[in-house]
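Okay, so the first sequence: first residue is 1 according to this note's numbering, each after it adds one.
Any given hint could turn out to be false.
[Unchecked claim] Straight-line C-alpha distance at most 25 Å; calculated PhoX-like pairs for lysine-lysine:
| id | residue 1 | residue 2 |
| --- | --- | --- |
| 1 | Lys47 | Lys209 |
| 2 | Lys47 | Lys93 |
| 3 | Lys209 | Lys275 |
| 4 | Lys93 | Lys114 |
| 5 | Lys275 | Lys93 |
| 6 | Lys47 | Lys114 |
| 7 | Lys275 | Lys114 |
No lab work stands behind these hints: they were computed from the structure.
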Amino acid sequence: MSAATDSEPRADPSNGAIAAALDELGDLYELDGAIVHRVVAYRSAAKAVRDAPVSVAALARAGRATELPGIGRTLEQKILDLVTTGTIPAAAKLRARFPPGLIDLTRLPGLGPKRARRLFDELGIDGLDALREAAQQQSLRELRGFGARFEEGVLAALATGGGLRPAPRMLLHRALSIGEAIVDGLRGRPDATRVEIAGSVRRLTDSVKDLDVVAATERPERLTQALGELDMIETSQASGPAGARARTHSGLAVELRVVAPEQFGNLLQHLTGSKEHNLALREAAVRRGLHVSEYGILDTATGVEHRHAREEQVYGQLGLSYIEPELRENRGELEAAESRGELEAPPLPELVRVEDLRGDLHSHTVASDGRNTIEQMALAARERGYEYLAVTDHSASHGFGNDVPPAELELQIERVHEVNGRLGGIELLAGSEVNILPDGTLDYDDELLARLDWVIASVHTAFSMSARAMTDRMLAAIEHPLVDAIGHPTGRLIDRRSPYALELDEVIAAAARTGTMLEINGNPDRRDLNDIHARAAAQAGVRILINSDAHGTNTLGMVRWAVATGRRAWLTADQVANTVPWTRFAPLRKRARVSS
DNA sequence: GCCGTTTTCGGCCCGACTGTTTTCAGTCG
């Protein structure tokens with residue numbers, strides 16, 4: 001937190017900080033009345049920065065930021081200003097013209113930049129407090145285009161805190177389970193011929209802000225009414241003939257859209273998104289004279305609207321092969337779907353599946369904070385069809401009363417080998433999830449580590465180090481010859497805790513060079529590495545592990561969330577180390593190569 | 001502000017719904 005001085009160069013802003021600055025600039029230009037396309041350019045650039053797997057500050061200093069999609073010379077210069085001076089001149093200028101509370105106004109539902117600007121220009125309303133006061137005095141309705149309903153809406157939104165901050169997001173596993181229940185409920189209705197989950201839940205993103213459901217029916221009004229009658233629905237705001245909106249008791253916003261069966265593919269494709277995928281898809285289609293909507297594809301040459309019952313037909317008419325929902329983020333999937341393999345763009349990958357996994361390299365037992373014994377975990381893993389399971393309880397300094405002192409680990413090794421000798425059909429690895437201490441050392445000595453069959457090393461303490469110190473800490477662990485893999489490498493908790501400051505490109509390069517595997521952790525709160533980082537790591541040649549981090553027999557299945565992230569990372573089974581049989585996995589371990 | 005099977009200017013997806021309106025702009029996804 002020390003201020004930068006002449007002797008101490010300014011620390012590079014993170015991608016998140018650069019993205020926030022671009023988003024703010026977009027907001028300011030929007031208030032300033034800039035054309036929408038310019039504002040969209042800032043938003044899309046912010047997203048590109050946020051998604052970039054490498055340091056954008058470093059890219060900008062190298063004059064290479066324009067390699068990112070949606071970033072041209074102007075934005076590169078603005079990023080460079082931010083990196084070198086800590087501020088963007090254009091933003092400073094606009095901030096002086098518009099009070100900070102004005103952007104808060106645009107966060108309220110139904111109040112965008114145009115109307116917020118009018119409230120400021122014509123009534124001097126410069127923030128939420130002034131807006132509340134004006135609404136209470138019923139002076140908003142004097143403005144043309146504003147009425148009593150608007151005043152009521154403002155007071156209601158401010159009273160409930162709605163709109164003051166973005167709606168809380170729900171983790172995927174919860175939203176998916178609610179979504180499946182809703183889909184089941186609607187499928188039971190005689191009027192529904194098809195019902196599917198769409199939106200970000202179908203794309204298996206980390207977390208979601210709402211649930212999109214699509215249905216095919218000849219009787220739309222019957223089905224939209226049925227949504228409100230489901231047990232899990234708290235309130236329904238029946239909209240129009242195109243669908244309905246509702247909210248579940250758990251607070252999840254649900255949007256149901258309906259079309260005729262012959263248009264179901266168009267609707268499913270549209271509502272699955274992402275917005276960026278659809279935007280790029282539609283722009284490319286327009287260049288071919290085709291206009292894509294949720295109702296069909298209009299061919300401007302013939303005037304014919306083509307309706308498709310299946311998504312494959314939608315992509316097919318656009319000259320594309322089918323794109324898995326997890327890939328629909330406009331991260332190169334459209335180019336790949338267009339490729340037939342012979343061109344320079346590689347075709348779409350065949351994505352890894354849960355069924356491809358042959359083992360799990362991260363699990364806990366009662367020896368630390370797990371709930372089941374070695375034998376119970378082994379039987380459950382064998383039941384899943386695994387050929388190997390690493391028992392990796394926490395190490396000597398875990399704390400929380402769950403640590404395993406060296407003497408205890410020696411006993412645990414014997415227990416694992418004993419069960420392994422007794423049980424057939426599965427290879428049990430005596431392992432440990434070893435803490436990486438702040439100085440980069442581990443909390444067992446090398447002699448003990450060498451007696452283990454498998455070591456996954458993780459950071460569990462001292463999260464708020466500088467990026468340099470944390471990177472060095474991680475690199476020290478990666479360079480250790482007895483560390484086979486790194487667990488949950490960035491430490492993030494989805495929507496709750498940011499990743500530690502870390503130069504991930506250095507971590508990835510070191511992991512690739514040393515043959516240290518990097519994990520995608522299946523805990524639905526973690527999914528760490530994330531999709532962007534896992535893709536970058538795999539492209540750099542790092543072997544990726546897909547692990548459950550199960551703390552009981554009933555959570556071995558959490559690998560499905562890690563597989564979801566792996567699929568979003570474009571991973572094929574070949575890029576995931578634990579898709580191979582034990583005889584091929586064993587020699588991939590760093591320790592196997594050190595000792596041979 | 002970006003970008004190019006429309007290549008350095010002139011475009012930049014498409015539709016639903018809302019509130020306040022008599023035909024639509026703004027907002028949202």
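Q) Is Lys209 within 25 Å of Lys275, Cα to Cα? A) 14 Å, holds
Q: Decide if the proposed pair is consistent with the structure: Lys275 and Lys114, CA atoms, cutoff 25 Å inclusive.
A: Distance of about 23 Å is within 25 Å: holds.
(Q) Hint check: Lys47 vs Lys114, CA-CA at most 25 Å. Holds or violated? (A) With a Cα-Cα distance of about 23 Å, the restraint between Lys47 and Lys114 holds, given a limit of 25 Å.
Q | Agreement of Lys47 and Lys93 with the hint, judged by alpha carbon distance not exceeding 25 Å | A | 23 Å, holds
Q | Straight-line alpha-carbon gap Lys275 to Lys93, limit 25 Å | A | Status violated; Cα separation ~31 Å.
Q: With a cut-off of 25 Å on the C-alpha distance, tell me whether Lys47 and Lys209 pass.
A: Holds, at about 17 Å.
**Q.** 25 Å Cα cutoff - pair Lys93, Lys114
**A.** This hinted pair holds, its Cα atoms lying about 20 Å apart.
Hint compliance for this structure: hint 5 alone is broken.
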